Amino acid sequence: MRMRFKKVLLSMFLLSLAGSSVIFADTAVNKLRVTLNGSVLSESAIIMDDTAYVPLREVAKHFFAFVSWGDNKQVQINRPNIHMMTISGSTIFQGVEKGSTVTFYVLVHGEKLTTPISDARMVIVDPYNSEKEIYAESNPENVDVFRLRTKDVKYKFSHPGEYKIRLYMKPEGGNDWFLVSEKTIYAQ
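Residue numbering for the sequence shown follows the numbering used here, beginning at 1 and increasing consecutively.
In case anyone wonders, no lab produced these hints; they're calculated from the structure.
Small disclaimer: the values here were computed from a predicted structure and weren't measured.
Positions of the beta carbon are idealized from the N, C-alpha and C atoms, including for glycine.
Wrong hints could be hidden among the right ones.
To be verified - Pair ranges (Cβ atoms, derived): (1) H159 to N139: 31 to 37 angstroms; (2) M85 to N37: 19 to 25 angstroms; (3) I87 to S158: 18 to 24 angstroms; (4) R149 to K73: 47 to 53 angstroms; (5) K156 to D71: 45 to 51 angstroms.
Model the full assembly from the supplied sequences, consistent with the hints where possible.
Next up, the structure:
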């Protein structure tokens with residue numbers, strides 16, 4: 001009987017100790033909502049011991065950057081500097097009339113691309129998030145500084161609103177596509 005009482009007492013002590021540890025851990029970690037350029041991230045950040053920890057992949061997506069890590073316990077971030085221009089004939093444009101059909105191409109200039117790339121693709125996304133692929137390339141030349149030009153695209157801007165030209169790249173050996181540049185065309 002006495003041995004059983006000691007086991008029950010020891011079990012109660014261990015359970016209360018575990019419960020207080022959980023309560024302490026919960027109060028030591030505060031969750032934060034992160035907003036980047038007016039967009040709220042889908043994952044929360046936390047503050048622990050006066051240090052903020054943010055969801056790296058979510059932040060990188062908003063900054064058009066590649067993020068990778070592996071068994072070497074090292075995070076690698078590469079944010080290439082990529083500019084896109086939409087050109088119709090010899091005129092650079094950023095706005096069109098709603099309902100108009102425009103033939104254009106996209107001229108891309110990039111630098112500081114230090115992540116080796118296996119694939120690249122470009123899409124145009126309408127205001128209702130319907131997308132059309134306008135460029136795709138497998139095994140592009142891996143250089144730090146590059147230029148590319150799409151073929152002429154004939155596209156009807158049926159709806160008013162923002163149309164997004166998005167350039168995605170896939171790192172060598174990876175499965176994930178990373179958004180590395182975005183250009184907006186306004187249809188009014």
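How the hints compare with the structure:
1. Between H159 and N139, the C-beta spacing of about 36 angstroms keeps the proposed range 31 to 37 angstroms intact.
2. In this structure, M85 and N37 meet the distance hint of 19 to 25 angstroms, their C-beta atoms being roughly 22 angstroms apart.
3. At roughly 21 angstroms, the beta-carbon separation of I87 and S158 lies within the given 18 to 24 angstroms, and the hint holds.
4. Taking the beta carbon of each, R149 and K73 are about 40 angstroms apart, not inside 47 to 53 angstroms as hinted.
5. Distance hint for K156 and D71: a CB-CB separation of about 49 angstroms, consistent with the stated range 45 to 51 angstroms.
The structure is inconsistent with hint 4 alone, although it conforms to all the rest.
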